[in-house]
Amino acid sequence: LKQRQIQQHPNFRTALRNEQFYETLLSGDIRYHYWEWMLTALFYAALHYMKSYLSIIHNLPKKRIDSHRGIITELSRLKKNGTIPKFIFEKYEQFKNDSELARYHYLENFPDFNHHKFKEFVKNSYHEKFELIRQFALSQLEKE
Amino acid sequence: MNTGIYLISKKSLANVKESLTPYLVHQELNTQSIGIYPVNEILAFEKEVNGSETLENFYDDLESISIEELKVQIKSSYQNVLSEINGLFRAFVKFDRPESEDSGILDCDFFFFVSPKLYFNIDYLYEKTRSIRDYFEDKLDVNIFYHYYIFHGQELEEDVQEEALEVYFETTTNSTASEF
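Sequences listed follow chains A and B, in order.
Position in the first sequence (from 1) plus 3 gives the number in the working numbering.
Position in the second sequence (from 1) plus 10 gives the number in the working numbering.
Source of the hints: derived by calculation from the structure; they are not laboratory data.
Note that the structure is a prediction, hence the values are computed from the model and not measured.
A few of these clues could be false.
[As the list claims (entries may be wrong)] Dumping the calculated EDC-like pairs for lysine to aspartate or glutamate here, alpha-carbon to alpha-carbon at most 16 angstroms: (1) A:Lys99 to A:Glu131; (2) B:Lys138 to A:Glu93; (3) B:Lys81 to B:Asp133; (4) B:Lys104 to B:Glu172; (5) A:Lys89 to B:Glu172; (6) A:Lys132 to B:Glu172; (7) B:Lys81 to B:Glu137; (8) B:Lys85 to B:Glu176; (9) A:Lys89 to B:Asp148; (10) B:Lys85 to B:Asp106; (11) A:Lys99 to B:Asp133; (12) A:Lys89 to B:Glu173; (13) A:Lys89 to B:Glu137; (14) B:Lys104 to B:Asp119; (15) A:Lys89 to B:Glu147; (16) A:Lys66 to B:Glu109; (17) A:Lys126 to A:Asp69; (18) A:Lys89 to B:Asp144; (19) A:Lys99 to B:Glu111; (20) B:Lys127 to A:Glu39; (21) A:Lys132 to A:Glu96; (22) B:Lys81 to B:Glu173; (23) A:Lys65 to B:Glu109.
[Stated by the list, open to error] In silico negatives: residues of chain A with every beta carbon more than 12 angstroms from chain B: (24) Asn21; (25) Gln23; (26) His108; (27) Phe116; (28) Phe124; (29) His130; (30) Gln138; (31) Ser142.
[Claimed, not checked] Facing chain A, from chain B, some residues (calculated, C-beta under 7 angstroms): (32) Phe130; (33) Tyr134; (34) Glu147; (35) Asn153; (36) Leu175.
Yeah, the Cβ is synthetic: ideal placement off N, Cα and C, and Gly gets one too.
Input sequences plus hints: build the corresponding full structure.
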């Protein structure tokens with residue numbers, strides 16, 4: 004019953020949908036063309052997995068985790084008391100930072116959207132970061 | 011509730027020491043130290059000298075002083091390490107009160123402006139600053155958050171809020187274009 008409740012949780016369902024969107028972009032003909040949206044989809048999947056974890060495992064009310072600031076503050080609190088591994092917090096913080104740069108500041112730094120540096124960065128490191136966060140959230144939810 | 015053990019502000023310490031010497035166990039104030047003081051007497055003295063009328067005002071004053079000390083420690087600790095990080099051009103810190111009481115005593119948002127090379131190897135910055143971050147977070151219940159940007163000589167007003175303080179400035183900044 005508990006697992007069914009997790010599967011039905013709004014944040015968990017949103018995480019799955021964002022992940023599916025990433026997979027769709029990855030499998031299409033224009034693979035990595037819109038890499039910034041691949042990164043964004045993955046980040047929001049990670050965000051909703053963590054919100055599921057915070058909401059279900061730690062019973063945090065919506066209002067405490069309804070902003071980026073609220074989420075990272077709660078993750079920081081749990082990191083400090085040893086509940087969340089430090090490397091998970093760091094990967095999440097980096098994920099948030101990089102997806103913001105991709106969406107808001109990319110063209111201030113690179114001449115066009117096809118610059119290999121950031122595209123390679125997304126290709127080579129981001130799915131791995133996402134998997135670490137996802138696996139952590141799922142492992143905690145499975146204990147429930 | 012009144013245990014008689016509190017921090018005392020530097021502002022009043024000199025005056026208090028002078029008037030209440032017989033009662034005091036002196037100790038230099040820093041973020042680690044706690045002195046033993048007769049609080050009622052100090053409160054009366056505070057009221058006379060500074061016009062603080064309530065316990066809350068008094069504690070606010072004490073808290074703000076110790077938090078100010080903490081900010082100085084954080085800034086200086088980071089300054090020492092940041093100067094060793096190649097590819098870091100500028101750094102700022104913004105201090106805030108945490109939104110909720112159970113979320114620590116101080117929020118510190120660091121804004122790092124880095125070369126593209128360091129941006130793509132940001133784990134290096136995390137590793138170099140990890141022991142400081144861990145110390146202030148784990149031992150002193152401070153919240154530290156990192157924000158980092160590629161520095162290309164841009165005006166920083168948009169990325170750094172007005173109240174942020176500069177903690178590091180690389181005086182031998184080279185063009186970042188060569189790193190692409």
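Looking at His108 of chain A again, its CB stays over 12 angstroms from all of chain B?
-> Since the minimum Cβ distance to chain B is about 7 angstroms, His108 of chain A lies within 12 angstroms and the statement is violated.
For the pair supplied as a hint, Lys132 of chain A and Glu172 of chain B, confirm whether the alpha-carbon distance does not exceed 16 angstroms.
-> violated, 33 angstroms
If you draw a straight line from the CA of Lys89 of chain A to the CA of Glu137 of chain B, is it 16 angstroms or shorter?
-> Given that 16 angstroms is the threshold and the Cα spacing comes to 12 angstroms, the pair holds.
Taking 16 angstroms as the top limit, are the C-alpha atoms of Lys89 of chain A and Glu147 of chain B close enough?
-> Roughly 11 angstroms between the alpha carbons, so the hint for Lys89 of chain A and Glu147 of chain B holds.
Test the statement that His130 of chain A is away from the interface with chain B: the closest C-beta pair must be farther apart than 12 angstroms.
-> holds, 16 angstroms
Does the structure keep Lys89 of chain A and Glu173 of chain B at a Cα separation of 16 angstroms or less?
-> Violated. Lys89 of chain A to Glu173 of chain B sits at ~28 angstroms, over the 16 angstroms cutoff.
Tyr134 of chain B as chain A interface residue, shortest Cβ-Cβ below 7 angstroms = Violated: closest Cβ of chain A sits about 12 angstroms from Tyr134 of chain B, beyond 7 angstroms.
Go through the hint on Asn153 of chain B and say holds or violated, using the shortest Cβ distance to chain A against 7 angstroms.
-> holds, 5 angstroms
Is the Cβ of Phe116 of chain A farther than 12 angstroms from every Cβ of chain B?
-> holds, 15 angstroms
Pairwise hint evaluation, Glu96 of chain A against Lys132 of chain A, where the allowed Cα distance is 16 angstroms at most = Holds. Lys132 of chain A to Glu96 of chain A sits at ~11 angstroms (cutoff 16 angstroms).
Take the C-alpha atoms of Lys89 of chain A and Glu172 of chain B, compute the straight-line distance between them, and say whether it is at most 16 angstroms.
-> Distance ~30 angstroms between Lys89 of chain A and Glu172 of chain B Cα, so the pair is violated.
Is the nearest Cβ of chain B still more than 12 angstroms from the Cβ of Phe124 of chain A?
-> violated, 6 angstroms
Hints 3, 5, 6, 7, 12, 17, 19, 20, 26, 28, 33 and 36, counting from the list given before, are not met by this structure.
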